[in-house]
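Starting from the known structure of chain W, fit chains E and S onto it as the hints suggest.
Protein chains in written order, with my numbering: chain W, 5 to 95; chain E, 965 to 1112; chain S, 1154 to 1696.
Calculated directly from the structure, the hints in this document are not laboratory data.
Treat each hint with caution, since some may be false.
[Claimed, not checked] To be clear about the criterion: a stretch of chain W counts as covered by chain S if any three or more of its residues have a C-beta under 8 angstroms from a C-beta of chain S, and this derived list gives those stretches:
1. 6 to 17
2. 23 to 29
3. 66 to 77
For each residue, glycine too, the CB sits at the ideal point set by N, CA and C.
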Amino acid sequence: MIILTGNDLKTGDVVWWDGQGWSRHLADAVDAGDEAEAIMAREEAARRVNAVYEIEGEQTAEGPRPAHIKDRVRGRGPTVRPDLGIQAEAS
Amino acid sequence: MAEQQNNKGSWPRYRDDAPVNSPAVTLEAFVEQPDAVAVRIEPGADVRELIPHLGRIKLVEIGFPVFGDGRNYSAARILREEGYQGEIRAEGDVLLDQIAFMRRCGVDSFAPAEPIAAEAAERALGFWPEVYQPAADARTPIWAKRHG
Amino acid sequence: MATMYKYDDYDQTMVDARVAEFRDQTARRLAGDLTEDQFKPLRLMNGLYLQLHAYMLRVAVPYGTLSGAQMHMLATIARKYDKGYGHFTTRQNIQYNWIQLKDAPDILADLATVEMHAIQTSGNCIRNISSDQFAGVAADEVVDPRPYAELLRQWSSFHPEFSYLPRKFKIAVIASDEDRAAMRLHDIGIQMVEKDGALGAKFFAGGGMGRTPMIGPCVREFVPVDELISFSEAVLRVYNRYGRRDNKYKARIKILVHEMGIDAFRAEVDAEYEKMQPLDLEPPRAELKRIEAFFAPPAYEAAEDGYDLSDPDFAIWAETNLFPHKVPGYAAATISLKPVGGIPGDASADQMDLIADLAARYSMDEVRVTHAQNLVLPNVKQADLYALWQELDGAGLAPANLDRASDIIACPGLDYCSLANARSIPIAQRLAERLAPVERRLGDLQIKISGCINACGHHHAGHIGILGVDKKGVESYQLLLGGSAAEDVSLAKITGPGFDEHGIVDAVETVTNLYESERQDGERFLDTYRRLGMAPFKEALYG
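Isolated chain W, as found in the complex (with noise of 0.2 angstroms):
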C-alpha cells in the first residue's frame, strides 16, 4: 500500500492520510494509491499538512505498517521512551 505522512503545519505532529484528511493515528492510514501524487499537492497547498511524503508500506493484522523501521518509529515515538509520543496515548 501507499501511506501518505507528514507533519502537521501548526504543531508538528506527526500525522498520516486517513482518507478524508489527516489524522495522528498510524492505524488510520489508507491505501492512497494513483490519488497519492494529487492528494500530496492538494493537502500541502491548503497548508492541511507540511513535510509530505509517500512509503511502501503493507496492510497487517495490527494495521497498516510501513516498510521502513523510520516510518514505523514515527508512527509509535521513541523507543527509548515509550512514556512519549502516540504509544502513550495508545496505551
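Here is chains E and S on its own, set in the frame of chain W:
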C-alpha cells in the same frame, strides 16, 4: 526609496539617480564592449575582473538563480570595497527576508522574480535597528557606538 | 553572579529584534505567505528543525557557559513548551524535541529575557561558537578563551555576507595545548597562544567530521589578537566565494581546503586579508577590553587543597569526575548526564532546576556544557564537594564515569532524528550496561556513536566509534577504532563488516577484552591500539 517598474510589477530601489535601462551584458561581453555600461554577474564569476572598468559601469546586476546561493553577497560587497558607486541590482530568486542583508552588502535595487511590495520591504528592513559588524553600507557597528 | 558576558542594551535590542522578525516570519508561514521551501532556511537560522516526531528547537549556549538563571529558564521551557526534558548536544547546546511551531516565537521571547537565543544554531551560516568547558579555571590555559569566542559571536551574528554559505560553519576557540573541545575537527579551530609576550591565535581551518572526516591544517601560526576578526572575515570570504555548491556533501570548507591544497588556500586567504586591511573591520582594543572585563576571575576565597574522602562512593566520584582548578582549594566538578541505561545528554526539567540551584550555592552561579554531553560546575570549593555530591547523588546526577566506558557520546539517532539511519541511544544503553561493571578497570575510554554518516555522535573521534547504517531497511553498525578529538587528534578506522544491534555490543566487548589482555603499564585503550595496530583487533573480531 523609489520604486521602479518592470513587466512583473514594481521593485524597491534605494537610489536617487535615474534607473539604468541598458541591458546588462555578460561579464565576458562587457570586457570586450567598451561602450557597455551595464554588466551581469552570475554566482561563481570573479567580480574582481570588473575592477579595471569600474569607471564606466552604471549598473551591475547580480544574479540569484536560487536564494540559497550566497556567493553574490560577497560580489556586491567587493564592488563597494573597491569604490564602485553605481547601482547594484539583485535579480532573481531574491526573497523578502534576504533584502536586509543584501542592502548591507551594497545592493541598492532589487528585481526579484516574485515582486516584493514596498511596504513589505520597509518592514523587513526595519527589524534591524543596530548592526554588529561593518559592511558595505554606512551603518555604524555596535562596537563603534559603544566606544563612540 | 556568574563570571560571564552580560548583554548591554545593544545586545538586548538585537536579540529582541530577532524575536520580532521570527514572529513575523512564523505568522507569514502559518498564513501561507511563505512556502516551506522559503521558510525552512529562516526557521533553521533560528534553530527550528522539523524532526522525526515534531519540530525540534536547538538553543544556543555560547561557548558552553550558563548562569543559574539561564539554566532555570531552560527548565521552564522544558516544562512549559516541551515534555519536561531537554537534550544537551555535542555542540554544547540544548535541544527540545517536542516543540510546536506556533509556540516557537514565544519560546524565543522567553529565552531573550535571560540573554539567550537560538540564533544561527542551524542553517548554512556561522554556528554557535564552542570552547573548552574548563575555560577560565584550567591551569594550563594561556588566557580565558571565552572573551575571544564572544567577540567572534557578536561578529558572526547576523553577518550580512555569510548567512548563505555553501554549508554550515563551526568555530571552536581554546587556549591550551590540551584540546578539550575537539578544536581540530572544526571548520575553523582557534588556539589562543602567546608569542614574544603578545597574545594571538593559531588558526586552523578545514577540519570536520561528517562523511569525509578531516583534521584541520594550520592556516596561520600567529594572528595578533586585534586582527582576529579581519582574519576570520578573510577565511569566510574565500569559503563563501569558492566553496563547492554543486554537491551538498562536498560543500564544507574541509573539501575546499583539501581540493585546493593548504598552500593555495592559505595564499587566497592571505590575499583577501591584505585587501581587508584598510577596511577597518576590526573592533578596537577597547571593545576587547570591555568583553574581557566580564570574564575577570571571580573573588575566590583563600583555601587549602584537600577534602575528606572517607565515604568510598564519594571518593570514586571525586577521583573520576573532578578537574583540577587553577585556584587552590577549588575544583571543577563534572555532572555526568550518562546514568547507566539512560539517554546520553538528557536532563529533566527538575534536574535542570536542581543544577541551577546547586550552581548558585556551590559554583558561583555558573554551569558549563561539555561537548561530551555532560555539565560542569566550574567553581566548587573543595570543602563543599561532599555536600554537592550528596545532592547530585540524590537526583541521579552523580554517575562516577567521566571519560569511562559508560560516558558515551551518542547522537539522538533514529529515535528522534529524521536524517538517521539507525538508532544510537539503545546501543549506548546496552553498551553502558555491559561495560559499566568493568569500566574502572578499563580506564580512559571514549566511545562515540552516530546514527548516520553525518557524525553528530563524533564516531570518527572515538577511541571506539560506532556508526549506524541502513542495511536494506535493517539497522546495522560499523565498528571503528583509534580516533581521538584531543590534542593527539586522529580519525578512527573501520574494523570491517558491520554487526547487528546485539553483535555490536559483543564486538565492543571483544575489543576491550583484547585491550585488557594486551595493555602494558599505564596504557589507555587508545595507546594500546596505536601500538598494536588494527590487525589483532580484526583477528579477534572476525578471526
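With a C-beta cutoff of 8 angstroms, work out whether three or more residues of the region 6 to 17 of chain W approach chain S closely enough for the coverage to hold. Holds: 6 residues of the region 6 to 17 of chain W have a Cβ under 8 angstroms from chain S.
Can the region 23 to 29 of chain W be counted as covered by chain S under the rule of three residues or more with Cβ-Cβ separation shorter than 8 angstroms? n = 0 at 8 angstroms, threshold three: violated.
If you look at each residue in the region 66 to 77 of chain W, do at least three have a Cβ nearer than 8 angstroms to any Cβ of chain S? Since three or more residues must qualify, the claim that chain S covers the region 66 to 77 of chain W holds, with 5 doing so at under 8 angstroms.
Hint violations for this structure: number 2 only, all remaining hints satisfied.
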